[in-house]
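K.L.:
As a plain string of letters, each chain reads:
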Amino acid sequence: MSSGPRQFPESPSSLSTAAQPDNAEAGDGALRLTILEAGRAERNYYRDLYHYRELFAILAWRDVAVRYKQTVIGFLWAILRPFITMVVFTVIFSKVAKLPGEGSAPYAIMVYAGMLPWFLFSSVLSEASSSLVSNANLISKVYFPRLLVPAASAAVAMVDFFVSLVILVIVMLWYGFMPDWRILVLPAFIALAVLASLGPALWITALNVKYRDFRFIIPFIVQFGLYVSPVGFSSSVVPSQWRLLYSLNPVVGVIDGFRWCLLRGESQLYLPGFLLSLGVVVFFLWFGIRYFRRTEKTFADIV
Amino acid sequence: MSDVVIRAEGLGKKYLIGRRQAHRTVLRDVVTRAFKGVASSAFDILRGRQRMVDDATEEFWALKDVDFEIKRGDVVGIIGRNGAGKSTLLKVLSRITEPSQGRVEIRGRVASLLEVGTGFHPELTGRENIFLNGAILGMSRLEIRQKFDEIVAFAEVEQFLDTPVKRYSSGMYVRLAFAVAAHLEPEILVVDEVLAVGDMEFQKKCLGKMHDVAGKGRTVLFVSHNMGAVRQLCERGILMSRGNLTADADISTVIDAYQQQYVKASDFSLRCGSMRFESFTTGVDQDNGRIKMSIAFSLSQSEIVEDFCLLLYSTNGVRLAIADLSRTLALPTQLGPGDYEIECSFGPLMLVDGVYDIGLYLKTGSFTDSILGCAQVSWKPVLHEGVSYRYPSQHRGYFETEVKGTITPRNRD
Chain A
1 MSSGPRQFPE
11 SPSSLSTAAQ
21 PDNAEAGDGA
31 LRLTILEAGR
41 AERNYYRDLY
51 HYRELFAILA
61 WRDVAVRYKQ
71 TVIGFLWAIL
81 RPFITMVVFT
91 VIFSKVAKLP
101 GEGSAPYAIM
111 VYAGMLPWFL
121 FSSVLSEASS
131 SLVSNANLIS
141 KVYFPRLLVP
151 AASAAVAMVD
161 FFVSLVILVI
171 VMLWYGFMPD
181 WRILVLPAFI
191 ALAVLASLGP
201 ALWITALNVK
211 YRDFRFIIPF
221 IVQFGLYVSP
231 VGFSSSVVPS
241 QWRLLYSLNP
251 VVGVIDGFRW
261 CLLRGESQLY
271 LPGFLLSLGV
281 VVFFLWFGIR
291 YFRRTEKTFA
301 DIV
Chain B
1 MSDVVIRAEG
11 LGKKYLIGRR
21 QAHRTVLRDV
31 VTRAFKGVAS
41 SAFDILRGRQ
51 RMVDDATEEF
61 WALKDVDFEI
71 KRGDVVGIIG
81 RNGAGKSTLL
91 KVLSRITEPS
101 QGRVEIRGRV
111 ASLLEVGTGF
121 HPELTGRENI
131 FLNGAILGMS
141 RLEIRQKFDE
151 IVAFAEVEQF
161 LDTPVKRYSS
171 GMYVRLAFAV
181 AAHLEPEILV
191 VDEVLAVGDM
201 EFQKKCLGKM
211 HDVAGKGRTV
221 LFVSHNMGAV
231 RQLCERGILM
241 SRGNLTADAD
251 ISTVIDAYQQ
261 QYVKASDFSL
271 RCGSMRFESF
281 TTGVDQDNGR
291 IKMSIAFSLS
301 QSEIVEDFCL
311 LLYSTNGVRL
321 AIADLSRTLA
331 LPTQLGPGDY
341 EIECSFGPLM
351 LVDGVYDIGL
361 YLKTGSFTDS
371 ILGCAQVSWK
381 PVLHEGVSYR
391 YPSQHRGYFE
401 TEVKGTITPR
411 NRD
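Read top to bottom, the protein sequences are chains A and B.
Per our numbering, the first sequence runs over residues 1 to 303.
Per our numbering, the second sequence runs over residues 1 to 413.
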């Protein structure tokens, strides 16, 4: 998981002291046999991924460093967007539409707990899907596992996510609403949110290389998804006979999970629906990675 | 363990070229085409006619049946005309694109340098870009740290390390980019025509650095149109022609074979977007000091031709002249599909005797680039009035010049 923006290049004087012979790396490289053949699946693809971890870190760092360049308020954008949305949604859904919240938990916290994973999901989806196309110059000039590019842009979305998590803490303090032990499970749900977004994101990223139509489809999915996912309202609003069908939306499981963790169990986890969402997440992840890997080798030719 | 680091067997790379040259696929086209395809095949089947094969695309083999072996420590120059498949070969070897046929075995880490400054980000500083570019080229962070000072010194950009590279002059940018690349130490280094940038002084420095790399027993594959550099750097050469490997021998034999190719201008073929050059014949009218050209090309679709210039180069890659055909021949800016032929000449030139390269600068709706090494001319020694021929041609530069003047005693007042 990303640890936020890192100050990368240290001063040259401190660098030389850190210099050590890199034996393991060199020895491994010298004996490495690569076979290139048509349609040949990469045998040590995941070892390769590990081998390129530094490139991943640098690409992620670059994306973070560049993201708020030439903006006046910089990182505040990561805070402002979800915060304003929270205020608007609370007013519209709670005050105007008079939808019920989750037990005694403040409506604003419920909205924010749903919005965190939603923003993570939508920004991974939109950042990743355009990442390969905007890095076309890299892809047509150097080899590295292409998976790194969308993964690095997902890491940027993670940074934004953690920044807006701080706001949640502030909002909770404001309302004097403290979570209980369930918050310890939150990291697992954060991981689930990432996996849930990565699956469709990888699939669409690969498709977007060939069919630029997805550039237009993505904003639509993001806009539409905000309303079909329980962001501004609780999923208990959905009539019980439709609930299982509703859980086919993988984001539903993630958001319900987040609320369960953060709202002291005021929000009940609808188990069959959650398991279904989990199944959909796993399916998309498998499908996304498979599709990405199958088309990865042609990216340089068509991007 | 054998000494062979790269072994290619029956290597081939096929591209599908759309007739309509659509730049990228739009889902709508796929859907309508698929729909039409289904409809027409259903129609054909109903009528009992034989199914037509889809004619929207044609196959183009950029590489075909290429076999070679490269041993550890070989420094191999890959030469050939534009469109001969050199760059495709490098792309396959550096794993950017997958072969369509055959196989390659590679032992060791490959670093490819197909472009100077790949991945440079204009918003980041020089220091940050060194780390970014190094990582992209396959260096570990530790390796970059160790060589950081050396890279900075090589690039001569010490004062500007913390300036975003978007504020760099183009010379500084190229120097920094090449400095990172020059410090790569992979087992196998693959280099495309990247020395065509930068000033002469820096080119020499880079060649020297590459020479050092080659001297350390590393394997280098080097593509260039600069025969001087290839001859200087490589021991062995591979000649590519229309996707095939046509010669594999010591470098001077291969360069000779390459220069022989120009004599047979008939099999010249170069594709630039929708424009396809079929022949590029040169002649020299030395009495009037002019180079004559006859160029045949065809267009698959109507095309806007903004620039069409001939470039005259020395064999070590210095541009000597540019002949603007689009303006001076008043080429119509919009050319319809069909076959065309250009007959022209340019001069007057008073070249020093030797071999010169002809290149092309083309800017059309679908293509913009300078292409080196389209043809060669060889200029025989001519005697001009007023020119001294006391010095051998390698010391006379590129142009003969006529000297006029007098010498008289001067009185000191």
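Simulated from the structure, these hints should not be mistaken for lab results.
Values in this document were obtained by computation on a predicted structure and should not be read as measured data.
Check the hints yourself; a few may be wrong.
Said to hold, decoys possible - Subject to a maximum C-alpha distance of 30 angstroms in a straight line, what follows is the list of computed BS3-like cross-link-like pairs (lysine-lysine):
1. A:K297 to B:K205
2. A:K297 to B:K71
3. B:K166 to B:K216
4. B:K166 to B:K204
5. B:K204 to A:K297
6. B:K363 to A:K210
7. A:K210 to B:K64
8. A:K210 to B:K14
9. B:K71 to B:K205
10. B:K205 to B:K216
11. B:K166 to A:K69
K.L.:
For every hint, state whether the structure bears it out.
P.N.:
Results for each hint:
1. Taking the CA atoms of A:K297 and B:K205, the gap is near 36 angstroms; set against the 30 angstroms cutoff, the hint is violated.
2. Only pairs whose Cα atoms come within 30 angstroms are accepted, and A:K297 paired with B:K71 is accepted, the gap being roughly 27 angstroms.
3. Of the pairs offered as hints, the one joining B:K166 and B:K216 is violated, with about 35 angstroms between alpha carbons and a cut-off of 30 angstroms exceeded.
4. Proximity of B:K166 to B:K204 is assessed by CA-CA distance (about 26 angstroms); at most 30 angstroms being required, the pair is judged to hold.
5. Distance check on the hinted pair: B:K204 and A:K297 sit about 36 angstroms apart at the alpha-carbon level, beyond 30 angstroms; violated.
6. A C-alpha spacing of about 26 angstroms is found between B:K363 and A:K210, which places the hinted pair at or below 30 angstroms, so the restraint holds.
7. Proposed proximity of A:K210 and B:K64 is supported: the alpha carbons are some 26 angstroms apart, at most 30 angstroms.
8. Restraint check: the Cα-Cα separation between A:K210 and B:K14 comes to about 18 angstroms, which is no more than 30 angstroms; the hinted pair holds.
9. Of the pairs offered as hints, the one joining B:K71 and B:K205 holds, with about 26 angstroms between alpha carbons and a cut-off of 30 angstroms not exceeded.
10. The hinted pair formed by B:K205 and B:K216 meets the criterion: a straight-line CA distance of about 17 angstroms does not exceed 30 angstroms.
11. Restraint check for B:K166 and A:K69: the C-alpha separation of about 13 angstroms stays at or below 30 angstroms, so the hint holds.
The structure does not agree with the numbered hints 1, 3 and 5 stated previously, though it agrees with the rest.
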